[in-house]
Amino acid sequence: MSDSTVVRDEREAALAGGWRRRHLGRVVLSCLSLSAGPACAAESRTLRVLAWPGYADPDLVHRFEQNLAARVELTIVDTDQALWHHMQPGPGANFDVVAVNTAELQRYIQLNAVQPLQLKNLPGRQRQLPRFQALEGIPGLVHGGRSYAIPYAWSEMGLIYHPDHFATPPASIAALWDPRLQGRVLAYDGGTHAFSLAAQKLGLPSPFRIPAAKWPMLVESLVALRRNVSGFYTLPEESLDLFRRRGVWLMLANYGRQQFQLLRQAGLDVRYALPREGALAWLDCWAVTRQARDPDLAHAWINHMLSPAASEALRQRQGLGATTNDGDAPALTAPLVWLEPVEDDDRRNRLWRRIVSGDSVAKVLRS
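The opening residue of the sequence shown carries number 1418 in our numbering; numbering runs sequentially from there.
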């Protein structure tokens, strides 16, 4: 950590190697702030960064400060709601660059809280995989012909399976419904993603936009899933415990390769596969705020976070995917479906709670 970075919260240690718990892709960790100390008062350039745990480790911040002769004020958030609160107009919106996922980014564009990027000032993009350089191909990044964010970190929701019980890797989301696996399946306890998965299984055009006439069909499908699974989990550690105790053969990995890594490190013989329908995936990006006092410095930060050191930190320390072409990265053709805002998040979760509680299809639909 640089002399210009002082920890204001004693819980920073909890972030080291910590799990990023995601519901619509988010962590459950303590909020903390990193800000400049007295020794930096004379610094003329300051960058105010709003990010998630593990996205701006002290050594990466220190290197940026040294290279740019600037200081970094870093605020860490733990939920989408906390991020939204910080980015509201007014005195609280005191940030220059922010890490936000593609589903949430659209709200900030509508709020006029972020500004179009100067892509010519981002040479680090040349290190990114083609699928991440093609910003127009990622929902939510381009509006009115202008690009508002650069992809940084990602993870998909794949299938973790026990190889002794599969002659070939499970190739479809439909495997979660396979009656031969009854009582051997583990699923994530979250209504938003559950309805998206059911929509994929049934071949709907978009897993994020459910037509009014299709709700009964999806509810029926998820009731069938409930009858097939051994249980539902919310935390990665909980899934590890259930996988062991209940003799699970197949699990929907809401936390993707992070979760796979956890089970392998615990000594479980498991494999990982992506369904042919496309794995739901979250993608976090860097954006420059409308209030940025030094846009050039903000663009320099984005370039810095596309460096080999930052990419390696994401992969090795956090178990996350980086968007650059070094190390373990998704192939151009890997089947990923980037998360988008859904038609009615409240309705999805209200119905899901009734489904998990054991209600029949008719009772769920009457709720």
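Each hint should be verified, as a subset may be incorrect.
As the list claims (entries may be wrong) - Derived Cβ-Cβ restraints for the label pairs, each shown as a range:
| no. | residue 1 | residue 2 | range |
| --- | --- | --- | --- |
| 1 | G1561 | S1784 | 32 to 42 Å |
| 2 | R1597 | A1683 | 36 to 46 Å |
| 3 | P1622 | Q1527 | 34 to 44 Å |
| 4 | P1540 | R1734 | 54 to 64 Å |
| 5 | A1726 | A1584 | 16 to 26 Å |
| 6 | R1693 | G1554 | 12 to 22 Å |
Derived from the structure by calculation, the hints contain no laboratory data.
Ideal Cβ positions, reconstructed from N, Cα and C, are used throughout, including at glycine.
Are there hints from earlier that the structure breaks, and if so, what are their numbers?
2, 3, 4, 5
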